[in-house]
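Please construct the entire structure, taking both the sequences and the accompanying hints into account.
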Amino acid sequence: MQEFIFQYEGYIRLGAFLGILALLAIWEISSPKRKLLELRRFRWFSNIGLVVISSLLIRFIIPTAAVGVAIYAEKAQLGFLNHSDFPFYIHFIIAFVLMDLSIYFQHVMFHALPMFWRFHRVHHSDLDCDVTTGLRFHPFEIIISIIFKFVVIISVGVPVIAVVLFEIILNAASMFTHSNIRIPQFIEPLVRWFIVTPDMHRIHHSMEENETNSNFGFFISAWDRLFGTYIAYPEKGHEKMEIGLSFFREPKWQNLRWLIYLPFVDTIHGYAINKRTHKKEDTETN
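The sequence shown stops at residue 345 when you use our numbering, and every number in between is there.
Keep in mind the hints are simulated off the structure, nothing from the lab. Watch out, some of these pointers could steer you wrong.
As the list claims (entries may be wrong) - In silico lysine-lysine, DSS-like type, Cα no more than 25 Å apart, as pairs:
{"#": "1", "residue 1": "299", "residue 2": "311"}
{"#": "2", "residue 1": "299", "residue 2": "92"}
{"#": "3", "residue 1": "94", "residue 2": "299"}
Said to hold, decoys possible - Across the chosen pairs, the derived CB separations fall in these ranges:
{"#": "4", "residue 1": "311", "residue 2": "136", "range": "47 to 57 Å"}
{"#": "5", "residue 1": "90", "residue 2": "253", "range": "35 to 45 Å"}
{"#": "6", "residue 1": "70", "residue 2": "306", "range": "34 to 44 Å"}
{"#": "7", "residue 1": "101", "residue 2": "131", "range": "25 to 35 Å"}
{"#": "8", "residue 1": "127", "residue 2": "74", "range": "13 to 23 Å"}
{"#": "9", "residue 1": "315", "residue 2": "74", "range": "18 to 28 Å"}
Just so it is clear, CB atoms sit at the ideal spot from N, CA and C, and this is done for glycine as well.
In structure tokens:
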């Protein structure tokens, strides 16, 4: 079974990716939450272009997939789960929850460390938020994320099947939470008690600094409530809130070439957690 997964893991993930992308794109067109500012074809070319560049670069620099690392960890008996006697389903649940928690902390780290924020702000520079925003990550950020993921897999001893399923769900959740879809209001608050919804995550893309530094979760929504980073609704409402970064709003920053170059320009100011120009209490007292 593991050999089959290792051999066809790329095809499994690609099929899931294309299917979910198509489904969410159709949903966005038929029932959009917000009116988009930019032309879809222009943004999609840049956002999907980043995915293609990242994929090619990763194949060259890091040829070993996460599944391969999981198989190695299992054979070498690395990670605490490989030394426990829990049933497989307990291993699976623990591994999945810990991997999702690690993604939450990784996301916070990309906002807290100015060097990492340089790369992560490519993701936040999108002036709209739709399914392709969930793919808009600088190649260097992807490489850092993969290395971090490898460390978690080895440390925990994540089962191979859990790695494959988590990779599919993480990719799907990234597209889902960024999608410009309208979920009925009598359902959405209930759903977000369990998983992150587009309305919950969209707040994270607000141009307001304090809203940007909230709602870091990708799949399990409990982490933001647990660690005090949860904001329920944007101050201006979902339809009127401004998306993006205040200092990267020129049209050129939506161009693929400039997105690659973006981390290496300008100084770090605002948005990065320890570089903010104001704090929430400042705005409340003025």
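Hints versus structure:
Of the pairs offered as hints, the one joining residue 299 and residue 311 holds, with about 24 Å between alpha carbons and a cut-off of 25 Å not exceeded. Between residue 299 and residue 92, the direct Cα distance comes to roughly 11 Å. Compliance with the 25 Å bound is thereby established for this hinted pair. Restraint check: the Cα-Cα separation between residue 94 and residue 299 comes to about 10 Å, which is no more than 25 Å; the hinted pair holds. Between residue 311 and residue 136 the beta carbon distance is about 51 Å. The supplied range of 47 to 57 Å therefore holds.
In this structure, residue 90 and residue 253 break the distance hint of 35 to 45 Å, their C-beta atoms being roughly 22 Å apart. Take residue 70 and residue 306: their Cβ atoms lie about 41 Å apart, and the range 34 to 44 Å holds. A beta carbon spacing of about 42 Å between residue 101 and residue 131 contradicts the range 25 to 35 Å that was offered as a hint. Between residue 127 and residue 74 the beta carbon distance is about 20 Å. The supplied range of 13 to 23 Å therefore holds.
For the pair residue 315 and residue 74, the supplied restraint of 18 to 28 Å holds, since their beta-carbon distance comes to about 25 Å.
Consistency with the previously given hints fails for numbers 5, 7, ordered from lowest to highest.
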